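Student: Kindly produce the complete structure, drawing on both the sequences and the hints.
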Amino acid sequence: MYRPFLFFASFFVYGIVMGSFIEIPGISVVISIVSLLISIITNNKKTRMVLLVIAIVLFGAFYYNFRLDKMAGTIVDFAEKEQTLVGVVSDAPTVKKDRVIYDVKALYLPQEEGDRSVTGKVRLSSLVDDNSTIYRYGDIIKFTGKLKIPPGRRNPNGFDYRAYLLQKGISTTMFSREIENIGKHKTNSFVAAALNLREHLTAFYESYLPTNLSSLMVGIALGIKDNIPGETMKAVKNGGVAHVLAVSGLHTGIIYAALELIFHRFGLSGFLSLIIGSITTIFYSFMAGLSPSVLRAAIMIMVFMLAKAVGRENDPLNSLCFSAVVLLFLNPLNLFSVSFQLSYAAVVGIILFFAHFRRILEGLPVYLRDSLSVIISAQLVVGPILAYYFFKISLIGFFTNLLVVPLVSLILISGLFSGIIGLIFIPLGSLFVKIPGFLLYIVEKIILISSELPFATIVVPALPPISIILYFALLAIVFDFTPFSDEIKSLYKKACAVCLILLIFFPIILSSGGFEVTFIDVGQGDAILIQTEGRKAILIDGGGIPPYYSGDFDTGDDIIQPFLYSKGIKKIDVVVFTHFDDDHARGLLSILRSMKVKNIIYGVPEDCNIYEEMVEIARQKQIKTIQVKRGEQFTFDNITFDVLNPVGDTQKNFSSNDNSVVLKMSYKGFDFLFTGDLEYEGERSLISSGIDIGAHVLKVGHHGSHTSTSREFLSKVRPLYSVISAGKDNNFGHPSPQVIELLKDNGATILRTDIHGAISFKISGKDVKIYTTIPGELKKP
Amino acid sequence: MRAKQTMTNIFLDLLFPQKPYCLICDNRLTEPRSIICKNCKRKILPLTEPLCKKCGRPMKNNNRLCHDCQREHHVFVQARSYGLYEATLKQLIHEFKYRGKRELAEILGNMMFCVLKQLTWPAFDYLIPLPLHVKRQRERGFNQAFLLTKVLSRESNIPIFQGLTRTKPTEHQTLLDKSFRKKNLDGAFVILNKNKIYNKTVLLIDDVYTTGATAGECSKSLLEAGAKSVYVLTCARG
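Protein sequence lines correspond, in order, to chains A and B.
The opening residue of the first sequence carries number 1 in this note's numbering; numbering runs sequentially from there.
The opening residue of the second sequence carries number 1 in this note's numbering; numbering runs sequentially from there.
Hint data in this document are derived by calculation from the structure and do not stem from the laboratory.
Computed from a predicted structure; not experimentally measured.
No incorrect hints appear here.
Heads up, simulated SDA-like pairs for lysine to any residue below, C-alpha to C-alpha not over 20 angstroms straight-line:
1) A:Lys596 with A:Glu613
2) B:Lys97 with A:Glu313
3) B:Lys150 with B:Glu95
4) A:Lys308 with B:His94
5) B:Lys135 with A:Leu272
Tutor: Right, here's the structure in full:
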């Protein structure tokens, strides 16, 4: 390892990972410094190496813990209460439809006995209309609302919002209706200028390009993805071209080339062009919001310029590691950010494997050979990481990128050019912007069409980390990055190559077997997944948020689908609509739209949008719809479902909740009762029917509302476990304390998605295992 | 100042580490900072007699002058080079000039110094690097002849004269025919601070000697400016 920064970065990363698992006491800094000092004076090369490694690892671990405390700030001590807070807007605000989001650096809590200064950042959201003012970078604002700690991971392999925000230095969130401007903080004029230019460019594109194209243009030029419609974003991801929406080496490279041209024309000296080039790059990084990918690219291009100026040879791998060290010093949590990992993975892949693939693809035309080599070598490293986080790999990406990347380069050049012209002389700029506009139109078409092709993507179930480590180890061996001698290499290389190929295809074939019932945490609402031994999947309800409330968050697309993919589920055998309330059914609609579904089961039709949409989608995608009523039964593998409700035409006067589809599922003598939103009236009808409703697990009706779960009903069901599916801090006060008391009195173990996150029951033989996503004490009955 | 320089150098060494592999054969280097391995270095052979008395071209027999020099008179006294512009040496100069490996000046300059030591030339007052046009130098970022001269000056303690400049952005000599080369160079060089070299014996330094046209034209300008005599030393010759 002759590359100093490769050496440092490797062990620094190792230290940070270590620090994230175990808290390192402060004394480690002393040990770190002592071993560094000894390593300087020692003459023994081996001793020096070992001591250096110890020093770097310990320092990394310490640094992680040190910065973690500092980043969260003291503001977290005031969370989970109503607070009035004063802070300064620290970034350009994001406006999305009727919402605005500010990242606010907290200054103090105004209190009667004197202001209490606090540290840390708040993500503040508010409603806006055409008349409201939007505050800007540097404004001091005062706002009131419930200060919250953002939710962590609530579903297995699900999104961890708390960690995501903390990576950006944000530790708390707040929704506030009233925001008041009380002053102006002194700002960095360089940053302000960059954010200003970003605003102007965005506004320019928005006024002279059609909306769908302008949002893409802003994404490509500045990495701002907020206004790209959900459908387009999905197509971009499935098409494997999401990287063009992250400002990276492509961008800084183009800016560098443009600057080079100008410098050359004016005959600037090496050092002057280095300085101007660096300032421009840093300015652009601020415009692009300082994402890990743009910082990485900016540092690497500046190192490249420095190499040219001082007449040294740039070593890409060493420069890459140097940039990683800088980024991790700025914020060690960067290491855990998906954007950081993907950006570095792609570049590592290109640096290490590009030459190999160029040799392998020797016979192809130059453009095809080089582009394919870039795509394959990046994909080799990025692929497993994408699979790990998103449970999906784009196959069409190999093809889409060939077309899209050169077009995007042209869009970027012409787009930035026309944007800058447009700032000086609008008519000319608005004329020039037609060029990127036309190219964007083509790119959008390519992406939309290609992402719809069969086999555009493959679903990869959640990979255990060990298989990813194994993958990279084998990759290193096959591509000769191990320090072993040639004789040993030739012995095991072929075997490793075979293992590698097996490993690549293994997870695709493998998906978790065994019987499992999961109550997915969809916030307020119900969603239950049943996986059979024969790998069939049954989904009862799919959560959902009323459309006027959701912004662009979709429970089906954003929670349920990733969860299903993480389980390796590509098609669903039965989707059950217990009834058509938003919090049960809306999430199912997007599942019906974007996944393969064989059958739909429902009870009583309702006169509402969701029912109509369900019928329409079923018609379009030719999904069989089955209306069920009491007395019917269906079986999957060795599981029987008895339909207990609705009764059919006889209870027409029942409310939609009381007409919920109620299912009793039996698996090897173990019974579940899924009640939907059934209330007292429906419960009475069940009891009087004389059907055996006894079950081991009861999904408590209507999210634990006091209008369900009568004492009598409970005495008939006699559950060992009762599961309440309700949203944390929901507006309805679910579950009611009465019901909780009642359940306790009946001796049932209570499991709540609002407390435990997703809850799964795994049953094999006589053995029942219960897993909760958020660990908590479980009392066994 | 000294400390600042070492700090900068340490930083640059960390950021742009020297590869521990030979530039030519890719074998692992045993000595630090050697750039090329001993084996490859040994393969770069110095020119040996018989050589043309004027331009230093290797000859079959002990003729005084080579064909070119018999036909055409050069105004410099003598030109000498370390080796032939081929194989490893050509590769090194290529890396040095066109791929910006400036640290190669050390190796190449030292080879030139070996030649200078063995020659029975008069004591020089100045070393003069063959200039590049400003535009070309900006493109390349450096003048290869100047870097070589710096090494030679350090080793031999002869000062450098920097008054020789190129005013015509001439075509690449390598792309031109022999006859055009001379024409291309007419009046291409201008000398500043002429009094400094008045009646002085000077040594012109360049990386490659091909036809001697450039070196000849330079010498002419230097002699016209009042220099007593001009010698030419290059790293390689074509």
